[in-house]
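Be aware that the sequence shown starts at 1245, since it is given in the numbering used here, and climbs by one per residue.
Calculated directly from the structure, the hints in this document are not laboratory data.
Heads up, simulated DMTMM-like pairs for lysine to aspartate or glutamate below, C-alpha to C-alpha not over 25 Å straight-line:
#1 LYS1508 with GLU1472
#2 LYS1364 with GLU1395
#3 LYS1403 with GLU1472
#4 LYS1325 with ASP1470
#5 LYS1326 with GLU1472
#6 LYS1499 with GLU1472
#7 LYS1403 with GLU1471
#8 LYS1468 with ASP1402
#9 LYS1499 with ASP1375
#10 LYS1325 with ASP1396
#11 LYS1494 with GLU1506
#12 LYS1468 with ASP1386
#13 LYS1507 with ASP1470
#14 LYS1316 with GLU1473
#15 LYS1325 with ASP1360
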Amino acid sequence: MNITYIVGFIGALAVMIVGMMFGSDPASGSFKLLPEQITNFIDPASIFITIGCTIFIVVACFPGGTLASIPKHFAIMLNTKKYNPMTYIDQLVELAQVARKNGLLALEEMGNQQTDPFFKQCIMLIVDNNDADQAREIMVNDIEQSSARHEDAAALYDKGSSVAPAFGMVGTLVGLINMLKNMDMSGDGASSIGSDMGTALITTLYGCVLAHMVFGPIAANLRKRDEEEVLCKMIIVEGVMSIQAGANPKFLREKLMTFIEEKKRSEDGGGKKSKKKDEG
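Given these sequences and hints, build the entire structure.
Rendered as C-alpha cells:
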C-alpha cells in the first residue's frame, strides 16, 4: 500500500479544511476555529463549472480504452510491492544455477511457472536459443513500448492538472461577468454581487485543488511505478542474457546488484538484512 500518498493527500486536505475554519473573534480579537465558515467555500456553480468542464475535456482528449483503465491506474498507484528488484535477482541466480548444471533447456519448465509474462517471455527466448542480439532487441522493445503506454496513462492526469486551473479562471470570468451585469445597486442587483464574486473566487480555488492535490500526485506516482517496473525489467534482461552467455551465478548476482542503490544491496526481497554483509 502506498502509505505516503494516502498520508500526504489526507494531510493536505485536513490542513486546508482547518485553514478554512480559522477566523477572527470580534469580541476578543483572537483567532479561533469557526466550523460554520466551511459553508463559505461550497458553491454549486463553481463545482459545476470547474469539475464538470475538467472531466469532460479530459474525456474529449483520450480514447475510451485509456479512460476505462482509470480504476486500474489507482490500483497500480497504490501498490508499491509488485516490483521488488531483489526478488527478481534471487530468481535469476537460481535460473543461472539450473542452467549451468542442466543446460538452457532445463529452464523451460521454470519459465512456464512464471506469473510475470515479461519474465516468462525472456526465459523462453533464451531457451529457444535465439540470437543474443535479436533476443535483447525484442526485450528492450517490449520495455520501451510498455513504458510508452504508462506515459500515456500519466498524461491523462497531466491533462487534468493543466485544464483544472484554466477552468477555474473560466469560472472566475463567469462570476465577474455576472457581477458586472448586476452592478445596478437598486433592487436585487446589490444582493447578488456577493454571490457572483464568491463564484468568481471559489472556482480558482477548486481549480488549484484539483490540479495540485488530485491530478498532480496521481501522475507522479504512476511515473514512479513505471520507473520501478522498468528497473526490474532491465534486471531481467541483463540476467537472462548473462545466463545465455553461461555466466557464473555468483558473478551474476554481483552484476545485477549494481542496479540497486548501495544502501539497499544488503536487503533481501522481504526487506530483512541478509546474512551476507555488503562489503561495498
